[in-house]
Amino acid sequence: MTLAETLNLEVGQVVAERSFTLSRDSLVRYAGASGDFNPIHYREDVAASVGLPGVLAHGMLTMGVAVQPVVDWLDGRGWVSDYQVRFTRPVVVDPTEGAEITVTATVGVIDEAGARLDLAAVYNDQTVLGKAQVRISAH
Amino acid sequence: MNPDLTQRDFAPTAPYLVGREKVREFARAVQATSPLHHDVPAATTAGYRDLVAPPTFPIVIAEATLQQLLAEPDAGIDFSRVVHGDQRFSYSRPIVAGDELTATLRVASIKTLGGNSMVTSETAMVDADGEHVVTSISTLVVRGDDS
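So the sequences go chain by chain: F and S.
Under my numbering, think of the first position of the first sequence as 1, with each following residue one higher.
Under my numbering, think of the first position of the second sequence as 1001, with each following residue one higher.
In case anyone wonders, no lab produced these hints; they're calculated from the structure.
Bear in mind that the values here come from a model prediction, so they are computed numbers and not experimental data.
No residue lacks a Cβ here, since even glycine has one placed at the ideal position from N, Cα and C.
To be clear about the criterion: a stretch of chain S counts as covered by chain F if any three or more of its residues have a C-beta under 8 Å from a C-beta of chain F, and this derived list gives those stretches: (1) 1025-1034; (2) 1041-1055; (3) 1059-1072; (4) 1078-1088.
In isolation and in its complexed conformation, chain F is listed as follows (with noise of 0.2 Å):
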């Protein structure tokens, strides 16, 4: 059986669907793990002297929670073999509220490799992730 046959997989479905929340900590928390200390990603008055409307989060921070959805949807029955995007919208985080993303995952291309899902992540109803893909394939 190929992996969309195991998972039951139909162009168009919707596998996987989530929030999340981005708060300044989450920032602080990303830069320390990733080694990314670029301070627009932290300080107000660095975003501001380089025009930017407020501190921004991390593209690759985006990036890297917006697949989570997939990878606990999958729960190890296959592994993502290839992921990418474009970052097409800053993602301002507000001191107090944070930023909320929401994303979800659609089913694009079923193949013998296995399945290619779409990403849509939105912020402030306005997408924030271009063309992301996400290919998921058997062991």
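Following the hints, put chain S in place on chain F, whose structure we already have.
Just chain S now, kept in the frame of chain F:
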């Protein structure tokens, strides 16, 4: 930007040892709660040698090759003008704790569009046996003076 960068050979980085606690720390940072990233028995039961790194973990290792690129004296990249345009990870197998990965940078293309430059770099990571594990492909947009 210096177009000759695409012809340049970059030295492989020093091997990066993927630590168990680093996998857990990175997983917490990207809100990755699967037991495969945190619980060793869960990972080994699922057939892995040790904890599995989250899909975007290789960016930690690619950071070293990004520094190589920025350090090229004639690269002409002003980091304060750099924006991450896109990112891709193409795997041959998942990364697990205990992997010792060596990364080699290649500048795949440099394009200029409307005063901005776009540099696409590929960092291939191989394990201690020299087998390919993952390639990280990044496009950085370097904003021109006018934008």
